[in-house]
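Kindly produce the complete structure, drawing on both the sequences and the hints.
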Amino acid sequence: MAQATSPPEVVQEDRSRRGGYSSDAAGLGRGRAAAFVAPALLLIAVFLVFPALWVLYLGLTNYRLTGAAAAEPQFVGLDNLIEAVTTPELWNSTWLTLQFVLGSAVIGQVVLGFTIAWLMRDRTGPLKRAVEGLVILAWILPSAIVSFLWVALLDADDGTLNAMLGIPGFPWLLDHPMLSIIIFNTWRGTAFSMMLYGAALGNVPPSHLESARLAGASGWQQLRDVVFPHIRGHILTNLLLISLWTFNDFSPFLLTAGGPDGRSEVLAVHVYKVALQSGELGHGAAVSTVILLINLVVAVFYLRLLRSKK
Amino acid sequence: MTRFVLGRIGFYTLIAVLLAFFTIPLLWLVTAPFTSNPTYEVKVPDFTLENFQAVIDHPYALPSLWNSVVLSVGTALLVVLLAALAAYALSRVRLPGRDALLYALLLLSSIITGTAAMVPLFQLAVELNLIDSQFGLILILTGGLLPAAIFMMKDFMDSTPKSYEESARVFGASPLQIVRHVVVPLVRPGLATIGVWAVANVWGNFLMPYLLLSDVEKQPAAVITYTLYTEGGQANLKMLSTFGLLYSVPVVLMYLFVSKKYGFRFHGGIKR
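Note that the protein sequences, when read in sequence, are chains R and G.
Okay, so the first sequence: first residue is 1 according to the UniProt record's numbering, each after it adds one.
Okay, so the second sequence: first residue is 1 according to the UniProt record's numbering, each after it adds one.
No wet-lab data here; the hints were simulated from the structure.
Every value quoted in this text rests on a predicted model; they were computed, and no experiment measured them.
Idealized CB from N, CA, C, for every residue including glycine.
Check each hint, because a few of them may be wrong.
[Stated by the list, open to error] One-sided and incomplete, this derived list gives chain G residues near chain R with beta-carbon spacing under 8 Å:
| no. | residue |
| --- | --- |
| 1 | T23 |
| 2 | A86 |
| 3 | G114 |
| 4 | A116 |
| 5 | R169 |
| 6 | F171 |
| 7 | V179 |
| 8 | L207 |
Written as structure tokens, this is what we have:
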């Protein structure tokens, strides 16, 4: 669900620009306007807001998928939350999720996305189209397919990677599950950062770069002194959005199913395993609450940032 | 001069490495479907079509692609309709609490994800008898996509001049006529963009149908792919590769169509 929420920088332009738009051009009137908004809000309320509130409540019960606690769940207060935060599995998952987000989003996608955007900044023609097309292809293909392609790529006996490296039989997904999903997700998600930085670099005034070059600045100095100050806002937007998406990404499940022995069980997979595979809905909901809270912190931070830029 | 040459060599080496990194994982998808008895190995295909026959003969493969179409088109239509109505009203009429509402929508769409809400959504579907119901899944997916859709849509609405609506009004058109005959044609590119965005989102969604549809006959291609991979302990590579290709082609075509027609750019993104 989260993947395509657009970076909503529109908010800030809205108020200053509009004003005149508050008048009702078609003569809709408040009654009809409310009727126009209502169906959408109803669906959002039932299938988005209610589940979020419900998850908070569920986390306070001992609800289970089957058995006695399924029929009459008991209110257990903060027990689940305390149980969840005191079990080592949750901390293990949180630590793995942190590695996943830092490794694949913050380092992998940002660095690779920026590098490609920077290399391609002044180019047109087939090379640029080929590079961008391939990167975007990795992004738009369905996750069930790309994760399977990576299973094939990393296969111990016949996989292309081992054939290229000349080490047949090396079990990547068993020996290095985290590294595998981190590189997989870097490959999968770089397109967004690439496009964002591509657009951002287009806004760096060429004259600034030109004068830096004339003053004898090296490539790195141009980047540091001219480009970064211009795109700092975009970097922050990019970091927050892709961190949020990566944090909530369920596709590692398709690659490693959290294994072996929970060594790649990021939080998204952890919830699924606790709540729906083991049937401990209450415990799972407590973990979901933790995820919601982390999402909330990141999102509020992001929105405040947008406001302060205005 | 040497520096220049070295720079060029470095540049092309880097590009070659990047191209390899992004191409190699995809090779299997384009070779295995045309190879008889494919393994995980990437081989030069012998251009057989028997794998496609196997997909056609499989009882759930082609129907699951149809299910994907039903789910994604159904969701896209509902999202476009509801988001357009809401965004139009929010753009043109100053409803009380509008700004707070927009802010809340933005916040909701980024914090409540399938991951965070899978437990309650599952329960809600059980309670409302929506397990194994494609319509139920469409409603749930629509609820998830709507906040972001309303947001993007409002952006389109705000950037269309309202003078057309005003002149239509002068000529005596009723508000509903204006919406239908003036506003809708004006924002059609916006409607198309949101529609394509919703289709792409649902087409690739694995988690929600995996949670909520247990009847194989109703499952979309994303879930069937995973089933083909795990069922019986051994992946059926013949089916998987070929089916995967068929499942991927529509997305690629849609991307090519969109990038040709509108240019593949950000919407609601970086405009300054």
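Please list, smallest to largest, the hint numbers that this structure does not respect.
Hint 6 alone not satisfied by this model.
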